[in-house]
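S.K.: Sequence:
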Amino acid sequence: MKPAQFVPRLIAYIIDGVISCIPLVGLIYIFTKDALPFLKGQSIGRKVMKLKCVMEDGSSMEGQWGPCIIRQIVLCIPFFALVELYMVLVKNKETGIRFGDQWAKTKVVSVE
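Residue 112 is where the sequence shown ends in full-length UniProt numbering, and the numbering goes up by one at each step.
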C-alpha cells in the first residue's frame, strides 16, 4: 500500500471537521433561535406556524440573547421538559406560559 497524498487527506480532514461542527451549530441554534437578527425574532418553526416569542411587554426578542438563553436552558434540566409540557398543556392552558417564559419574562404569541 502506498501512503495517502496530502490533498485527499486534507479534504477528508475538512469533511470530518464540518460534520463534527453540525451538532455544535444545532446546539447554538436551540439556545439562541429567537434572538437571531436574520430571523426577525422568530425561530424557523415559529415562522412556519406564524408564532413569535416576545418579551412580556410585547417588544421583539431580536438581539435579546439573555432572555433567549434563559428560556431554553430550563429544558436542559433532566426531566424538567416534562414539567414544562405539563405547565403549557394543563396548568397554564389559557396563557401557554411555561417556567422558561416566566423566568425570562417572555411569551409566545400568534402573528397574523
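Everything labelled a hint here was simulated from the structure, so no lab data went into it. Hints may be right or wrong, so weigh each one.
Okay, derived cross-link-like pairs now, BS3-like style, lysine-lysine, Cα gap no bigger than 27 Å in a straight line [to be verified]: (1) K91 - K40; (2) K107 - K47; (3) K105 - K2; (4) K33 - K47; (5) K91 - K33; (6) K107 - K40; (7) K91 - K105; (8) K47 - K2; (9) K91 - K50; (10) K47 - K105; (11) K33 - K107; (12) K50 - K33; (13) K2 - K50; (14) K52 - K40; (15) K50 - K105; (16) K50 - K40; (17) K52 - K2; (18) K91 - K52; (19) K52 - K107; (20) K52 - K33; (21) K91 - K107.
Owing to the predicted nature of the structure, the values given are computational and were not obtained by experimental measurement.
S.K.: Take a quick look at whether K91 and K105 sit within 27 Å of each other, Cα to Cα.
M.R.: Distance of about 18 Å is within 27 Å: holds.
S.K.: Given the hinted pair K50 and K105, is their Cα-Cα distance within 27 Å?
M.R.: At roughly 21 Å apart (the allowed maximum being 27 Å), K105 and K50 satisfy the hint.
S.K.: Has the given pair, K52 with K40, been kept, meaning a C-alpha gap of at most 27 Å?
M.R.: holds (9 Å)
S.K.: Is the Cα-Cα distance between K47 and K2 27 Å or less?
M.R.: violated (53 Å)
S.K.: Given the hinted pair K52 and K33, is their Cα-Cα distance within 27 Å?
M.R.: Roughly 11 Å separates the two Cα atoms, so the pair holds.
S.K.: Against the 27 Å threshold, does the CA-CA distance of K91 and K40 hold or violate the hint?
M.R.: Judged against 27 Å, a Cα distance of about 30 Å means the pair is violated.
S.K.: Could you grab the alpha-carbon distance between K33 and K47 and see if it respects the 27 Å cut-off?
M.R.: holds (11 Å)
S.K.: Would the pair K91 and K52 pass a check requiring their Cα atoms to be no farther apart than 27 Å?
M.R.: Holds. K91 to K52 sits at ~21 Å (cutoff 27 Å).
S.K.: Measure nothing beyond the straight line between the CA atoms of K50 and K33; if it is 27 Å or shorter, mark the hint as holding.
M.R.: With a Cα-Cα distance of about 15 Å, the restraint between K50 and K33 holds, given a limit of 27 Å.
S.K.: Is the hinted pair K33 and K107 satisfied, with a Cα-Cα distance of at most 27 Å?
M.R.: holds (15 Å)
S.K.: Next pair to validate is K2 with K50; report whether the Cα-Cα distance is within 27 Å.
M.R.: violated (58 Å)
S.K.: Given the hint that K107 pairs with K40, does the C-alpha gap stay at or below 27 Å?
M.R.: Holds - the C-alpha atoms of K40 and K107 are around 16 Å apart, at most 27 Å.
The structure shown violates the earlier hints numbered 1, 3, 8, 13, 17.
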